[in-house]
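K.L.:
Here is how the chains run, residue by residue.
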Amino acid sequence: MSIVDLVLDTGFFAAAVRLAIPLLFGTLSELTAERSGVLNLGIEGMMLSGALAGFGTASATGSLWLGVLAAIAIGMTIGAVMAVLVVNLRLDQTVTGRGVSLAATGLVFYSYRLGFGESSTPPSITPFSTIPLPFLSDIPVIGQVFFNQYALTYVAYLLVPALAFFLYRTPAGLSLRTVGENPQAAAAAGIDPIRARILALVVAGGLAGLAGAYLNLAAFGSFTFGIVSGRGWICLALVVLGRWNPIACAAAAVLFGAVDAFQLRLQASGAVDLPYQLFLALPYAATLVAMILNAKRAVGPAALMQPYDAEHR
Amino acid sequence: MRLVARPNRNSPLRDAMMPVAAVAASLLICAVLILLAGANPLTAFGIMAKAAFWGKFAAPLILSGLAALVALRTRFWNIGGEGQIIVGAMAAAWVGALTSLPTPLLIPFMLIGAALAGAALAAVPASLKTRLGVDEVVSTLMLNFIVMYLMQALLSGPWKDPVTGWTNSPSILRAAEFPVFWKGTRLHLGVLVAFLAVGVVGVIMKRTTLGLSMKIVGENPRAARHAGLDVTRVTLAAALLSGALAGLAGAGEIGGIQFQAIASISSGYGYAGIGGALLARLSAAGIIPAALFIAAITTGADEMSRQTGVPFFIADAMQGICLIAVLVAMTLSRYQIRFRTSPERRATP
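These protein sequence lines map, in sequence, to chains A and B. Each residue of the first sequence is one higher than the last, beginning at 2 in our numbering. Each residue of the second sequence is one higher than the last, beginning at -16 in our numbering.
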């Protein structure tokens, strides 16, 4: 089988979309935070917490949708904690974000061990099944790729235009973008930058939690320690690639879903005799290369990583 | 209701107590976690303290803490310590196995090679930042994963130990193993290197133009530019120094502990160094107690987990909580925290 054959069927593209969705939720999450001027390095921890909260709730109650809600709730909670730290207390965003991710990772693994114990076969749940959308799924090729997916995937599809509309067509979206560019000017115009950033982080947390929920409630059906494994960090890069625009970010996420699907297929096919770790490195390498190629054009919100102090204008 | 942080009067006592308070607060939180796991927190902390002192983890943590310190001072967000430690370890493992080198040169060359490898890897995100404006937070993170998988690929393929066939590199030569100062301890040459590095970094930061330039660039790049400083060069220098220090941490692990490159050569030392640097309030001398404390958490958690059944993931949680607690404490020592219900007005003097 040649390498070209690997990508020339609908199964490949459907897999690319499946792998892109958690990145898409995560990227929209990061985008929301960064548009308000906050770099959210807590995203990795938020995604992982969402994954465990979703899995724990779903296996305790038997309801996948309650799991989704729990994942969103835990993400929003961590978002609020992050907001108190970096918005109210104006702590350094980079270091705080790492700290939040590290603490969340430790707490998630710790509670998983307490809750589920140590067993050789990880407990699993029956994940969401795919729902073919009437009519749309009958379109040749595209239908099977895009419209025979999980319900959460359709939520992700809707979120992209919704967020774009919010950012570019509503007063609240304009306020958020202004806070990210110049919080002092925003304050002068009567916008409360602190409130805007807190809200942005809480929403970002909810979206990151949703990304985590998708990973085990739709994609895998069980919780493993490597379930997020750096996907949060990839989302940070995808926001840069998508130049802080929801539509372009979605395209970047789908592209990286495809890179991920490609490396999985290449590994499985045995067409190329290379250590599998090189394939695992591929998404990160591709991200870095894309960031370099995109460097000149990618200019982020002007006030990104700058804490806002209401009393120093 | 709203939290407002306001500048506070300087108080050296409060400054000095700050890391202590932060550590106490995080221990308190972790005590609750240990209680939840059904163990006695006091027993658990006791085991951690006993297991940890002079533990083998202190040396790499001192060096990676210094690496983070140099970078953070200059506001070069080097999250890539982990990758730089790995390439340093790879370089040391490679040099240490060279039979073509005269034996007295092995150890110096291992150290130099590791420092160069770490510096070279740090130079990538640094020049991407200064030339193209690529954000170093993301690029250093990506490089960590790339380097980690690359090493694993090498270890499972071309660099596999030909004798055992296991996924680690061939052992370094006997002559390349770092001398141990006290028999039966882990106090090897790498520990000495770490302590020397504390002195060197302390002098650089406090007594040299480079150190002062790094501080100015970190605090206010615009002012630095106005003062005629070459911000690009200072940033590059900080990145190279930071990477070299991280690389040395990798050399210590190879020459003093593992004697061969293994996949888990740096289990989070690079990330832990950031916490160490903050706990030390970015002072070189403070790195030593900070690294010992973090070593206590990590080695101690392993031992504690074995004896009490508390999941050892508590180490990560403790580190993260401690990192945040230190940041909060740093802010509390500089600012007063007020809860306000009314929209804020300008502070009356």
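These are computed hints drawn from the structure, not numbers from a lab. Glycine included, C-beta positions come from ideal geometry on N, C-alpha and C. There may be inaccurate statements among the hints.
[Claimed, not checked] Looking from chain A toward chain B, a few residues come up when the C-beta cut is under 8 Å (computed):
no.	residue
1	101
2	151
3	286
K.L.:
Confirm or reject each hint.
P.N.:
So, going through the hints one by one against the coordinates:
For the restraint placing residue 101 (chain A) at the interface with chain B, the shortest Cβ-Cβ distance is roughly 7 Å, inside the 8 Å limit, so the hint holds. Checking residue 151 (chain A) against chain B by beta carbon gives a least distance of about 27 Å; that is not within 8 Å, so the hint is violated. Against a cut-off of 8 Å between C-beta atoms, the interface hint on residue 286 (chain A) holds, since the closest Cβ of chain B lies about 5 Å away.
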